[in-house]
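Participant: Residue strings, one per chain:
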Amino acid sequence: MKMFNEKIVTEEPLSLEKYLEEMKKSDERKHITGSALMIKLNGKFVQNKNIPKTILHKGDIISIFPLLGGG
Amino acid sequence: MSGKLLIIDLTSEKISQQIISKEIYKKYIGGKGLGAYLLMNMLEKGTDALAAENPLIFLTGPITGSLFPTSGRMVVVSKSPLTGTFTDSHVGGFLGNEIKKTGYDGIIITGKCHDRKYLWIQDEKVEFRDCSHLWGEKVSITVDQLRQETDLKARVACIGPAGENLSLISTIMMDKDSDKTRAGIAGRTGLGAVMGSKNLKGIVVMGTHKLSYENESLMKDSRQDTVNVIKSTDFMKVRNQYGSANLIGPMNEQGFLPTRNFKEGFIENGEELYCENMNRHKSRNVTCFNCPIVCGQIIKTKKETEIKIEYESIALLGSNNGITGFMDVADACLICNELGIDTMSAGVVIGFAMECKEKNLIHTGPDFGDAKGQLELLEDLAYRKNLGKIFADGVRRASEKIGQGSYKFAIHVKGLEMAGYEPRTSWGMALAYATADRGACHQRCWTVNTERTGGLKMFSFEDKPEFIIDIQNERAAAFSMLICDFLPFEQTSMLSAWEAVMGMPLSEKEYILAGERIWNLIKLFNIREGLSRKEDILPPRMFEDKLKLPANIYDKDSVVIPKDAFEHALDIYYEKRGWNQEGIPTLTKLKELDLEEYKCYIGE
Ligand code: SF4
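Sequence lines, in order, name chains Y and V. Residue 32 is where the first sequence starts when you use this note's numbering, and the numbers rise one by one after that. Residue 1001 is where the second sequence starts when you use this note's numbering, and the numbers rise one by one after that.
Since the hints were derived computationally from the structure, they do not count as laboratory data. Incorrect hints may have been included.
[What the hints assert, rightly or not] Taking lysine-lysine and the DSSO-like style, the derived pairs with C-alpha atoms no more than 30 angstroms apart in a straight line are: (1) V/Lys-1509 x Y/Lys-38; (2) V/Lys-1591 x Y/Lys-84; (3) V/Lys-1563 x V/Lys-1401; (4) V/Lys-1282 x V/Lys-1153; (5) V/Lys-1302 x Y/Lys-80; (6) V/Lys-1563 x V/Lys-1372; (7) V/Lys-1563 x Y/Lys-71; (8) V/Lys-1389 x V/Lys-1408; (9) V/Lys-1263 x V/Lys-1112; (10) Y/Lys-49 x V/Lys-1026; (11) Y/Lys-80 x V/Lys-1026; (12) V/Lys-1589 x V/Lys-1534; (13) V/Lys-1457 x Y/Lys-75; (14) V/Lys-1457 x Y/Lys-38; (15) Y/Lys-55 x V/Lys-1457; (16) Y/Lys-49 x V/Lys-1027; (17) V/Lys-1599 x Y/Lys-80; (18) V/Lys-1385 x V/Lys-1176; (19) V/Lys-1220 x V/Lys-1101; (20) V/Lys-1153 x V/Lys-1302; (21) Y/Lys-55 x V/Lys-1509; (22) V/Lys-1210 x V/Lys-1101; (23) V/Lys-1022 x V/Lys-1591; (24) V/Lys-1176 x Y/Lys-71.
[Said to hold, decoys possible] Beyond 12 angstroms from chain Y on every Cβ pair, some chain V residues (computed): (25) Ser-1016; (26) Lys-1026; (27) Glu-1044; (28) Thr-1110; (29) Leu-1134; (30) Gln-1145; (31) Pro-1292; (32) Gly-1365; (33) Tyr-1383; (34) Asn-1449; (35) Asn-1473; (36) Glu-1490; (37) Lys-1509; (38) Ala-1565.
As the structure is a prediction and not an experimental result, all values here were calculated from the model. For every residue, glycine included, the Cβ atom is placed at its ideal position computed from N, Cα and C.
Kindly generate the complete structure, drawing on both the sequences and the hints.
Facilitator: Following this line, the structure appears as C-alpha cells:
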C-alpha cells in the first residue's frame, strides 16, 4: 500500500483546504483515501483545526498520510 | 432512521419507547455518541456496573442497514464493570441490520429478570421467555437452540458461561462462527457480565421493516463513490486475503508485537503465526452485512470446527504467551468464543499469570509457551475454577489479589488489558492508550503505521498529542455514524449517505465537532465516575523495564519510555484539548461544544 504522498507546491498563494479539495477530485485521490488524513507541511504536522487557516506557498512540501484503522 | 428506541424493563417486563429528536442526532450523530448521551442522562453517578439500574444499550447508527458499504455495524453501550468507565463495544456481522429492520434504531435494556430469560423480539412485539434450560450452555449450542425455538433465520446475541459467571472479561456474542454469515462480538470491557447480571442469556431479533430513504439517489451515489474508493485502495486486497492478521509479520519484525507478557517486542521462530501460514488453514472468507471488503478469515481447527481469527487474538493468545503454534491459538480462540470470553483480555491475563508463576508469586498454572495449559486456564476463567478465582476479572483485580509488586507487570490502562501493540516501540500508542476513553484500546487512535512509515517520529512524542486528538475526535464521529474501522472512505460521500437517510445535511465541520463533543461528554462521564489524571497512565513496566529491539532496524538496541517525557506529552495533550492540567475540560471548552448543561461535573 502506498502510505505516503509527498508533493511540492507549484502555485501560490493557495489555501491548504482548497489544495485538498482539488486533490480529492484528481487522480491523486487514490493515494489519500483513508478514514482520515494526516497532513504535514514542510515536515511539520498540521492539526485538523488549523487546515482552514493554513496557506501554501510555492516550494512548500506537503505530505499526506491516509490513515486506515488498525488490527 | 425511525428516531425510536425500544425500552425493555426486565424487572417489570414492561415495554416502552423513547423518541430521539433530529437535533439530538445532529448533536451526537448516533451509535457511540447517542449512547454517551443516553448513558450520561440515564445512569445515576456511582451506580455499580452490575446493578440492575445499569442499562445495556444496543444501538445502530444513522446509516446502519443502508446501501452504504459496511452498514451492518452496531454498538453496545453501558458502564463497564471492568473499567468503571463509559464503554462502547463495536460489533460487525448482521445483528445491527436486523435491529434496524424491527423499526427501532436501538434497544435499551434495563432492570433484571427475576428468573433466567431470553428476549424474542419481532418488530414491535417482545416476548420474555424462560431460558433456564440453556443456562450453562456454550455459545454455538445456545444460538442454535434459540433459533430452533424462534426462527431459524433470526439473529441472536447471547452470553456464554463466562458472562453467566460474571467474569469481567466476558463478551456478548452475536450469532456464531460456523454460521454462513459473519458473527460479531461485543468483546471488550466485560459487557457479558452486565448481561449476565441481568439474568439475561440471549436476545433474539427478527425484523421485517424496510429502510426508507429521504433521498435514495443521493444514497446510491454515495455508495458508488465509496465502492470506487474501496476498489482503488490496493490495500483492500490484502485486507480481503488476510484480514487484520496481515500485520503479525511486520509487527514482529519491527518490534511491536507483545511477547511474553509485554516483556519483549518480538518473538523468535514466530513465523507460524504469520498470515501466510494462517492461510494454509483457512476454509473461507466471511463478510458483515453489505460489505464488499469481505475481510473475515475463517479457520478450520483440528476438531473440524470453524473459528474467525484476527490480529489481536493471534498477538495476545500467541506471542504474548510465548505460544508460536498457529493452531494452538485457533484452539484458544475457539474456547474463548464458545465460553464468551474476550480473546484480548484473556490473552493478557494469561500472560500475566504466566509471569506470576515464573516469578514464583503463584505456584500452579501454565508457563510461557504452554498451549495446553492456556486452554485449561481459559476454561477456569469462564467457570471461576482453580486459578480462575484469581484471574477471571482481569489483570488489575488479579494483581490486587496477588500483591507482591505484581501491579508493575499487570498490563492494563484503567483496568482494560492492553491491545496488541507494544507502546515502548510506538510512543504514539503509549499516549493513545493512556488517554483512550475506555482504557488501553487501540481503536480510539492507531498510530502504528504512521510511525513506522515516517509520518510521525519514532521514539518521540513530537506532534503526537495533536495527532491523537485529531484521530480520537474523528474516530468518535465515525463510531457514532457506525462505519467499519477498516473502511477507506471520503467524508463527503459518507455525509451524503447521512443526508440521504436523515433528510438534513451534516457538514464536515459539524461532523468533526460532534466527534470532539462526544469525546468530551465521555470524559465528563468518566470524571463523574471518579476517574482523574492518575488513571491516564501506563503500567510501570513501560517506564521501568527496557524493551529489547530487533537487531539492525533502529539506531538503538533497547528502549523505555521516559516518564517525564510522557507526562509532558500528557500536559500538551490536555492543553490542546482545552482541558486543565488535571485533565478536566474547562467551562470555555464545554461552551464551545454546547455541553454547558453538564458543567456541574467540572465543579461549576
Ligand atoms: S471490512 Fe471486515 S469487519 Fe469491516 S464491515 Fe467489512 S467484513 Fe466486516
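Participant: Give a verdict on every hint.
Facilitator: Status of the hints after comparison with the structure:
1. V/Lys-1509 x Y/Lys-38: Judged against 30 angstroms, a Cα distance of about 26 angstroms means the pair holds.
2. V/Lys-1591 x Y/Lys-84: holds (22 angstroms)
3. V/Lys-1563 x V/Lys-1401: holds (27 angstroms)
4. V/Lys-1282 x V/Lys-1153: Since the Cα atoms of V/Lys-1282 and V/Lys-1153 sit roughly 26 angstroms apart, the hinted pair holds (cutoff 30 angstroms).
5. V/Lys-1302 x Y/Lys-80: violated (52 angstroms)
6. V/Lys-1563 x V/Lys-1372: Roughly 38 angstroms between the alpha carbons, so the hint for V/Lys-1563 and V/Lys-1372 is violated.
7. V/Lys-1563 x Y/Lys-71: holds (27 angstroms)
8. V/Lys-1389 x V/Lys-1408: holds (21 angstroms)
9. V/Lys-1263 x V/Lys-1112: violated (42 angstroms)
10. Y/Lys-49 x V/Lys-1026: Given pair Y/Lys-49, V/Lys-1026 holds - Cα atoms ~26 angstroms apart, limit 30 angstroms.
11. Y/Lys-80 x V/Lys-1026: Holds - the C-alpha atoms of V/Lys-1026 and Y/Lys-80 are around 20 angstroms apart, at most 30 angstroms.
12. V/Lys-1589 x V/Lys-1534: holds (21 angstroms)
13. V/Lys-1457 x Y/Lys-75: It holds: about 11 angstroms lies between the C-alpha atoms, which stays within 30 angstroms.
14. V/Lys-1457 x Y/Lys-38: Status holds; Cα separation ~19 angstroms.
15. Y/Lys-55 x V/Lys-1457: With Cα atoms ~26 angstroms apart, Y/Lys-55 and V/Lys-1457 stay inside 30 angstroms; holds.
16. Y/Lys-49 x V/Lys-1027: Holds. Y/Lys-49 to V/Lys-1027 sits at ~27 angstroms (cutoff 30 angstroms).
17. V/Lys-1599 x Y/Lys-80: holds (24 angstroms)
18. V/Lys-1385 x V/Lys-1176: Holds: V/Lys-1385 and V/Lys-1176 sit about 25 angstroms apart, inside 30 angstroms.
19. V/Lys-1220 x V/Lys-1101: The hint holds at about 19 angstroms.
20. V/Lys-1153 x V/Lys-1302: holds (28 angstroms)
21. Y/Lys-55 x V/Lys-1509: holds (17 angstroms)
22. V/Lys-1210 x V/Lys-1101: holds (6 angstroms)
23. V/Lys-1022 x V/Lys-1591: With a Cα-Cα distance of about 21 angstroms, the restraint between V/Lys-1022 and V/Lys-1591 holds, given a limit of 30 angstroms.
24. V/Lys-1176 x Y/Lys-71: Status violated; Cα separation ~44 angstroms.
25. Ser-1016: holds (36 angstroms)
26. Lys-1026: Answer for V/Lys-1026: holds, closest chain Y Cβ roughly 20 angstroms.
27. Glu-1044: holds (34 angstroms)
28. Thr-1110: holds (32 angstroms)
29. Leu-1134: Label holds. Min Cβ-Cβ 34 angstroms, cutoff 12 angstroms.
30. Gln-1145: Check passes; 33 angstroms lies beyond 12 angstroms.
31. Pro-1292: The claim stands: V/Pro-1292 keeps its Cβ more than 12 angstroms from every Cβ of chain Y (closest is about 15 angstroms).
32. Gly-1365: Consistent with the label, V/Gly-1365 stays out of reach of chain Y, its closest Cβ about 28 angstroms off (over 12 angstroms).
33. Tyr-1383: Holds, since 30 angstroms exceeds 12 angstroms.
34. Asn-1449: Check fails; 7 angstroms does not lie beyond 12 angstroms.
35. Asn-1473: violated (7 angstroms)
36. Glu-1490: V/Glu-1490 is in fact no farther than 12 angstroms from some Cβ atom of chain Y, at 6 angstroms.
37. Lys-1509: violated (9 angstroms)
38. Ala-1565: holds (17 angstroms)
Of the numbered hints listed earlier, those contradicted by the structure are 5, 6, 9, 24, 34, 35, 36 and 37.
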